[in-house]
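> The whole structure should be built from the sequences, with the hints applied where relevant.
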Amino acid sequence: MKKILTIAFSLLATTLTMAQNIKVITYNLRLETTTDGDNQWNNRKAWLAQQVLFYEPDFMGVQEALPQQVHYLDSTFVNYNFIGVGRDDGKNKGEHSAIFYNSKKYKVVQQSTFWLSQTPDKPSLGWDAAYNRVCSYGLFEDIKTKQRLWVFNTHFDHVGDVARVESAKLILKKIKELNTQNLPFVLTGDFNLEDISESIKLIASAVNDSKTVAKQVFGPDGTFNNFEFNKPVTTRIDYIFTAKNKITVNKYAVLSDSKNCKYPSDHLPVYAELSIIK
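Residue numbers (mature numbering (1 follows the signal peptide of the UniProt record, and there is no 0)): -19 to -1, 1 to 259.
The hints are simulated quantities; they were obtained by calculation from the structure and are not laboratory data. Since the model is a prediction, treat every value here as computed from it, not as a measurement. Among the hints, erroneous ones may be present.
Under the rule of at most 27 Å between Cα atoms (straight-line distance), these lysine-lysine pairs were calculated in the DSS-like manner [said to hold, decoys possible]:
| no. | residue 1 | residue 2 |
| --- | --- | --- |
| 1 | Lys192 | Lys243 |
| 2 | Lys125 | Lys88 |
| 3 | Lys182 | Lys243 |
| 4 | Lys157 | Lys225 |
| 5 | Lys227 | Lys85 |
| 6 | Lys125 | Lys4 |
| 7 | Lys243 | Lys232 |
Restraint ranges, calculated between C-beta atoms of paired labels, are given here [what the hints assert, rightly or not]:
| no. | residue 1 | residue 2 | range |
| --- | --- | --- | --- |
| 8 | Lys240 | Lys103 | 39 to 47 Å |
| 9 | Lys243 | Lys157 | 39 to 47 Å |
| 10 | Lys212 | Trp28 | 34 to 42 Å |
In this text, a Cβ means the ideal position worked out from N, Cα and C, and glycines have one as well.
Here is the structure:
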């Protein structure tokens, strides 16, 4: 009997551990444009969607997602919903930094978007940025366990040095203001910067870079491939950050899946398996 109980408790513990595992992806989709030729969205969208569904993320932050791209993924991902708005009007116009989430497992408690600018509550261009930039976020609750966590997703400007530093400061400030209950949180995005930059160092001083703290690391060093299949991917500008002392990063990977010597996007998605520290 004692042996049976031991086995039962062991199985229960294993089940609970598995249930607490959270899969996160950040993915710059590359916007839809005919100038990409063979790599344009219509030629790769089905393969990209299949790739995402294979890894079954609980949360996926996307960047460069135009409305039609968001809607395609939304219609394809049967068990997912999304939050986020267009950066140009706060509704449906322009690129989205949307967050897709497994709606069978999580529900949205709170959601919003702020602009990376001096006027974050309305559509606006910040500092020396070339384009409007946003951070979309949500407070999610596990339907079964009631565990809550915040997910933030962003896309930093590719030109403005001041904008990127100030954007980092603003996001950290917003996380602190919103997370009054000191809940676990995840920050995903294309930051258009490598980890030696001032902005990434600033963020990494306040939160964990999932690659740095992961128990297992796999895949290329970089994330930006520029659709160049035959070249090494060495430039890392896409990140998954996690709350310090709240989340364990069990696995981190840059996913270099390809088909017929082509990538699904000009960025490789970053994947992490996390567990919340109780």
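> Now tell me if each hint is right for this structure.
Results of checking the hints against the structure:
1. Lys192 to Lys243: holds (25 Å)
2. Lys125 to Lys88: holds (10 Å)
3. Lys182 to Lys243: violated (32 Å)
4. Lys157 to Lys225: holds (13 Å)
5. Lys227 to Lys85: holds (24 Å)
6. Lys125 to Lys4: Holds. Lys125 to Lys4 sits at ~16 Å (cutoff 27 Å).
7. Lys243 to Lys232: Status holds; Cα separation ~25 Å.
8. Lys240 to Lys103: 39 to 47 Å: Holds, since Lys240 and Lys103 (Cβ atoms, about 41 Å apart) stay within the stated range.
9. Lys243 to Lys157: 39 to 47 Å: Once the Cβ atoms are compared, 42 Å apart, the range 39 to 47 Å for Lys157 and Lys243 holds.
10. Lys212 to Trp28: 34 to 42 Å: Violated - the Cβ-Cβ distance for Lys212 and Trp28, about 20 Å, lies outside 34 to 42 Å.
The structure fails hints 3, 10 (numbered hints given earlier, in ascending order).
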